[in-house]
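In order, the protein sequence lines correspond to chains A, B, C, D, E and F. The opening residue of the first sequence carries number 1 in full-length UniProt numbering; numbering runs sequentially from there. The opening residue of the second sequence carries number 1 in full-length UniProt numbering; numbering runs sequentially from there. The opening residue of the third sequence carries number 1 in full-length UniProt numbering; numbering runs sequentially from there. The opening residue of the fourth sequence carries number 1 in full-length UniProt numbering; numbering runs sequentially from there. The opening residue of the fifth sequence carries number 1 in full-length UniProt numbering; numbering runs sequentially from there. The opening residue of the sixth sequence carries number 1 in full-length UniProt numbering; numbering runs sequentially from there.
Heads up, some of the hints might be wrong.
[To be verified] Rough simulated footprint, nothing fancy, chain B against chain D, three-plus residues with beta-carbon under 8 Å: (1) 21 to 35; (2) 58 to 65; (3) 105 to 112.
No wet-lab data here; the hints were simulated from the structure. By construction, the Cβ of each residue, glycine as well, lies at the ideal position given by its N, Cα and C atoms.
There are 6 protein chains.
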Amino acid sequence: MSYIVGFGEIMLRLSSVDNERLFQSSKLNATFGGVEANICVLASIFGLKSRYVTALPNNAIGKKVEELLLSHRVDTSAISWEGKRLGIYFVDTGNNYRTSNVIYDREYSSISMALIEDFDWDKVFNDASYFHISGVTPAISQTAADLTLFAVKEAKKRNVKVSCDINYRKKLWKYGKTIEEVMPEIVQYSDIVFANEYDAVKILGIKSNADVDGNINDEDYKYIMQQLIDKYSLEMVITTKRETVSSNHNNIYSMLYTNKNLYKSKKYYIKNIIDRIGTGDSFAAGILSGIQLFDNYQDILEFATASFCIKHSIPGDWNLTTKDEVINLMKSENGLDVKR
Amino acid sequence: MSYIVGFGEIMLRLSSVDNERLFQSSKLNATFGGVEANICVLASIFGLKSRYVTALPNNAIGKKVEELLLSHRVDTSAISWEGKRLGIYFVDTGNNYRTSNVIYDREYSSISMALIEDFDWDKVFNDASYFHISGVTPAISQTAADLTLFAVKEAKKRNVKVSCDINYRKKLWKYGKTIEEVMPEIVQYSDIVFANEYDAVKILGIKSNADVDGNINDEDYKYIMQQLIDKYSLEMVITTKRETVSSNHNNIYSMLYTNKNLYKSKKYYIKNIIDRIGTGDSFAAGILSGIQLFDNYQDILEFATASFCIKHSIPGDWNLTTKDEVINLMKSENGLDVKR
Amino acid sequence: MSYIVGFGEIMLRLSSVDNERLFQSSKLNATFGGVEANICVLASIFGLKSRYVTALPNNAIGKKVEELLLSHRVDTSAISWEGKRLGIYFVDTGNNYRTSNVIYDREYSSISMALIEDFDWDKVFNDASYFHISGVTPAISQTAADLTLFAVKEAKKRNVKVSCDINYRKKLWKYGKTIEEVMPEIVQYSDIVFANEYDAVKILGIKSNADVDGNINDEDYKYIMQQLIDKYSLEMVITTKRETVSSNHNNIYSMLYTNKNLYKSKKYYIKNIIDRIGTGDSFAAGILSGIQLFDNYQDILEFATASFCIKHSIPGDWNLTTKDEVINLMKSENGLDVKR
Amino acid sequence: MSYIVGFGEIMLRLSSVDNERLFQSSKLNATFGGVEANICVLASIFGLKSRYVTALPNNAIGKKVEELLLSHRVDTSAISWEGKRLGIYFVDTGNNYRTSNVIYDREYSSISMALIEDFDWDKVFNDASYFHISGVTPAISQTAADLTLFAVKEAKKRNVKVSCDINYRKKLWKYGKTIEEVMPEIVQYSDIVFANEYDAVKILGIKSNADVDGNINDEDYKYIMQQLIDKYSLEMVITTKRETVSSNHNNIYSMLYTNKNLYKSKKYYIKNIIDRIGTGDSFAAGILSGIQLFDNYQDILEFATASFCIKHSIPGDWNLTTKDEVINLMKSENGLDVKR
Amino acid sequence: MSYIVGFGEIMLRLSSVDNERLFQSSKLNATFGGVEANICVLASIFGLKSRYVTALPNNAIGKKVEELLLSHRVDTSAISWEGKRLGIYFVDTGNNYRTSNVIYDREYSSISMALIEDFDWDKVFNDASYFHISGVTPAISQTAADLTLFAVKEAKKRNVKVSCDINYRKKLWKYGKTIEEVMPEIVQYSDIVFANEYDAVKILGIKSNADVDGNINDEDYKYIMQQLIDKYSLEMVITTKRETVSSNHNNIYSMLYTNKNLYKSKKYYIKNIIDRIGTGDSFAAGILSGIQLFDNYQDILEFATASFCIKHSIPGDWNLTTKDEVINLMKSENGLDVKR
Amino acid sequence: MSYIVGFGEIMLRLSSVDNERLFQSSKLNATFGGVEANICVLASIFGLKSRYVTALPNNAIGKKVEELLLSHRVDTSAISWEGKRLGIYFVDTGNNYRTSNVIYDREYSSISMALIEDFDWDKVFNDASYFHISGVTPAISQTAADLTLFAVKEAKKRNVKVSCDINYRKKLWKYGKTIEEVMPEIVQYSDIVFANEYDAVKILGIKSNADVDGNINDEDYKYIMQQLIDKYSLEMVITTKRETVSSNHNNIYSMLYTNKNLYKSKKYYIKNIIDRIGTGDSFAAGILSGIQLFDNYQDILEFATASFCIKHSIPGDWNLTTKDEVINLMKSENGLDVKR
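Kindly produce the complete structure, drawing on both the sequences and the hints.
Here it is in structure tokens:
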């Protein structure tokens, strides 16, 4: 078994507690998370080997991040211990008709200022099968965008498959470049892309007359995704779908398109959400792990979607579930009563 | 910009935590709230000038109340520092089919024993445009009823508009008078009244054959409210509507009647209520603020109803939202996903 | 008024807090509960006399259990102070599509190793009218099974009615016997049985072609229960029904069959469950108490079902409600707004 | 064994948490306590029979008080369920050079307004050996002073010994009478008095040239206490001594004077106080219990002083210790390492 | 009464809880503080008028800071709402032989990047009598050093007295300048300086053969301070003295030198420290307030030292005490028992 | 660098919180610890390689233990995943004159029932230099005693040095053997022994007329330890000394005897203890690590004693310190003020 390697930024997450507004009381919940770290932790929980690569400040905060990664058997040997601070994000958790709101305080973080020479690329790609990045990293600074592009090229050179999650964050991309200027080049080096029709048309340059801001029909979706695969020579494109009824109630399912076939998952109706952040990463980890655990696309997609679903029930960025729990859900008709 | 002045009782609120019954553990949540204080705080959050008038004991508890009011820029200069105790109310918070229950311990509070001469009325009404009172204050004692009546007369004399929320509380009115004996006289001095068809018919003496305990049709509602406006020379009457599906799930909307026109708001389906107490006050604050922020009744009503809605998501009596959040909700089609 | 006597195991319950996974943080909630203790506490809350019989270790943990029973006026005079440890169960509380999971650590507990001679049976049955046991106790060890059988025989000998809840727990029954080998003999000494069609057919040896794993129609249910009553000479059989939509959302109702009549309760839609554990015990306590409080089967069943329903809103094994709250719910049309 | 009966006021105690100032955060710790209740609970913990008599409001708060008393086997059968509210006291807990501060909110409490006819005096004194009151109860209102005097006379009439703790509270005695006007008459009916030289000279009318505000020598102390015993026909007088080095550090010991003999206890140096409130009550409970447990004055005094000492280590008004712990401390030379 | 104006940086302070190491659990305590803000808040608590000037990011975090300042009546009208982030500092609170440790994350904060033109200097100095700055602000960046120098010159120009606390922080001063290069020029514009003999000799260029790293005798101290006063034309120099026995136990006192006279305060032995951070600021606020409250140097110094002492008992940066508490301590012989 | 291998039992530790008595509230703190695991974690924190060997139940609780060991880079590859339960110990944390009390619930734990064949001994001793065991493991059951003896013999056979901590626990040794019957044979296979004069004389059969229950002089100590070394062919004997002034205040130092030389450490006066459990293990880890980090006995002993000291400041069994912190303390004269 070879490594799934994630590369990106992990941050300190400071969330309000007990349904309060941020700073309503003086208590905060402090956890750690970031798109690619979330994926590495979960792949490891699912029994795969994973390595997480980032830059961390060499202080008690950076050391804590490593300790937590190690607790989940994530390989930390290629981390660069440079820079001055860990990025932070504050979460004002919403409910009902009140939207969750994120305040980023990640400028000048170690990874946002890291350079290509800060990493030992042989260690990064040692025994790697997949290299996962997201559109969040190139969104934080020009150096981070350069670094991401260098890394995917390097992966290609070393015959490591690249998986890329577009992950558009409106509050980032403040350093002068737009996502449309940066991501297409990165996607050129990718094999697997997590993107929806909006990303394809608005960011990755696919032409379509379909309305990509609303509901799309299967034919339009397939047409767009086939073009995307063709344009960027991709293996597959995967899309999560979310209906946001309220901050507590989301309905979710997902789609995978490959070899001219569209696969659709079960739909889950999640009405008492505990933590919505990191759910998309649980989906991506489910796909990357599912590829190694299952032999057909429908199972891969159902596994990823069940992983996606379960994360909504767990506080913090990390999906502290088990492979068995995810498989049970993916196979279940019902059966949610207490197990005793 | 002149002041919205609220006059009434603010109490220490002691609530059970973590979904427990009251005193199930030894932890309590201690906040402060009262109808008119809640309104002044929110009007100030919305950017208006507000002044809150009450009587407070001159001890660490009373001083804490002032500190919290000041933190939201509420003017406290007309508070009377007299009397012995702050009223208290205990909240045994319900959920599902278990009803929330309030135990009042507000007898002998400073405001319940305050006298007309305890206040400097020039300070109370200095630069005031609206004076807001509710049916809670005259419900606590004969002196408080006298004080309320004196205050609204004084407001009238000084050309300050009076806004009155009927706010019937079954557990109060224990000192010998009934609400039917007291409120009609107070409403005579009012310009804006928050009342529903039940209040109009059962308390304020309007005649109607409609069933005011159940659902009322628009025609009956308009008939009753027109009479109410005529009888008491009001500018407008405003009504909140609440369908209580469970302790966690309420559906809400509201109606405003003025100049022979009935305005109805959007309806909100709130299924994971965090705190229902103080929501009506958020509505009233929305109306009083909306009058200054918008130029048409529909917007005023939608703003107030969005304010009403958001309060259900926030623990404590006070609606710790922002004007922007309320306007976004009032204008939103959907869009409740995390903002990041 | 004579005593309802419960006999069984009470355990330390260690639950995760704040929607976390078990051990996600280092905080645990420590309460105490067990089927028959839960029933005794609630019967006492409802105003009946109750006595709880078990074996407890003679240390600070056992003494705490007694203190909590005494706080609810449960008679503890027949408890055996023998053995080395209190059983423990860990609860990893689920939500949405994640199932709650119980880890038992109850082997070698005082009651699991208790012997017939450890109890003063005159004290156990002193002034008793009902003796309640469940299928949990004979599931923990051979000695506990022997003890249970001895106890029900002794009850019969002393003209105390026996109430038996089948309460099948898949994770128990590890000592060599199956539930099918043990429970039928115990039921022979019972008067009231809490069982569903599955229990009747799969455990208690009733013949039926109906599908007892899914939904059953009334005729099949009545046919099975009549046979059950006939075979074991029972007074009545009572069944709770639960539709598990999600870990937060259960729909519940119940049925009582006696004298060839089937009674059905109202149905409750509980969508924001706080604690599902102990709800069945609240139902059983409602039946045993209802028999003394009401004079007709429909009221008994509605009272028990309202008690069952309310427990879903209260954390911990014990239903910290009041008789008035249960009666109000059983009679209510709606009316769940705050009482103030 | 006959009953120790305590008569007085029990209150809701609301304390700041985590070394905060009162209301620094919105968390409060809610426990219950009052001089005589504290004593009854501890006597019961020590294995004696005790009964606590007070007036409680017939609501969820009063019921909680009874539940907690029952958990410690205190007889609640003579409680009067009258009046409107439970008294409250707020504790702003000090440390180092910051003094703890109590804010009383106990006016208009049930017991402060209770009348002689609210109690069934046969129940109060049924099978009683000692009746304990303190100077706190006559300090709260004229009716409470009348009630206390009636009660001690009644005790005398029924041959129940009266134990009286002077317990001077500067912040009470606001209703018009001074402690010097009230306590001497009550002490006339007492057998055992808890008082120091200050109380004797300034309140109970003993003449002395000694400085009773500072340190007193044994001869002066004995002279004063002999006069006190003579004047009021007492059996014994007991005094606690406390050197307040800081809010965390108190040195304590005690003295008992009877039959012309002075007994002095060991001295304890308590440098990390957890909760100082209720410590004097732990001493008094130790004396009343010690009289039944030991056969000599030195042991009685050492037992009470060890009880006094241990309470400083336990949060809340109640001394949740055991008789064994107290005896171990009273006999110990050292030996405070972990027991494992 | 005119304003005491503080100018500097206020940060989010994230502290470990319950004696844990930083990040030992996921709970953090979030408060706000900074040298000059701490002083403004306390001066206001003492009844003086104060204004705090800083730069804050215009987001929910900056708004919370203003809300907290307003709650203590600190004037916020001259704050600059510019820049991207609020500085943060993490506190790993020590105890016994484990040292408290601060991790700064304050680079790129709003104030560290603020420019002279970001402030309305007329508003800053409106009706000001004292302008207080510390050596922390010029330590964070070159622009902040420039800003500080500009501000003290401006103060001088406007006849506002300047008070300067040297406040050397080893972990700051990373931008290229040393404290010795920057502070002497700032002190030239000051009237009152908070400095010890080490600061005078090692930073401010005073010559002395005395050992300024250890204990200094009064004559050496006076010699150094007289030189300091002469060199910089100061009114007075004030020094706090701290003996650090353990992280929990500090002994403190202070000295004031003016007009060739040395004043020394009482000494306090603080053995159970709750929070040592911000204590020096409480002293400085005590001096600045004391100047307005008392007419002699000894009282000013004792008031400041009592304020200094009390802060050790209160969690958070702010000294949530009262003028009465400080005066009581400054005058007390002993008397630390509970006030009730 | 080769491995320090620890072998023994790790338990779930359930402690009361907030200075409460055990179960005073329903909150418990749940951590994990055990003598040898504590040592492995700390050796790893100090930068050494360590492996921990035990038996764990294959459930979520056992998995959590492994996760926590992994977070500190402890090798878990030789753990046996057998048996049914993790041992538990409850801690009723004392303070002042109240002693901490441990309730063990560790019977029938996985390790207490583990057999020699449950372990892969090649994995256990792979690349090992030291094998550490304590007298706690042979105290829990006959099989555990057999296992311990087998393991030390096996270590000897493989030329791995054995380190043994006598660690006498009065509440264990209940299975039929006494410590005097078991430990001498185990010590025969040891090279380093942690024992005091009491252990030497009362358990390990050394003859001496000195009083080993009280203070011993150096000559007697040396005489006893030389005999111990001779009798068992040891390299060195190490002893911790603790003066228990109160539950909060212990004075500690230590002694090491080898090659006829006695080394004594600095003495620490710890007056505000946070957690005394696991401190002895921090000392032992300090010795085993010190042997690799330092080249002289005095430094080894000072390092171990500083490690011992620091643990008193940290909650939980594990000494979450750093090598730098320990070295700073071992070298420090004073210097405990906040580092900032």
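Results of checking the hints against the structure:
1. Note: the stretch 21 to 35 of chain D has 8 residues with beta-carbon separation from chain B under 8 Å; the three-residue rule is met and the coverage holds.
2. Taking a C-beta to C-beta cut-off of 8 Å, the stretch 58 to 65 of chain D contributes 4 residues in contact with chain B, enough for the three needed, and the coverage statement holds.
3. Counting residues of the stretch 105 to 112 of chain D whose beta carbon lies closer than 8 Å to any beta carbon of chain B gives 3, which meets the minimum of three for the stated coverage.
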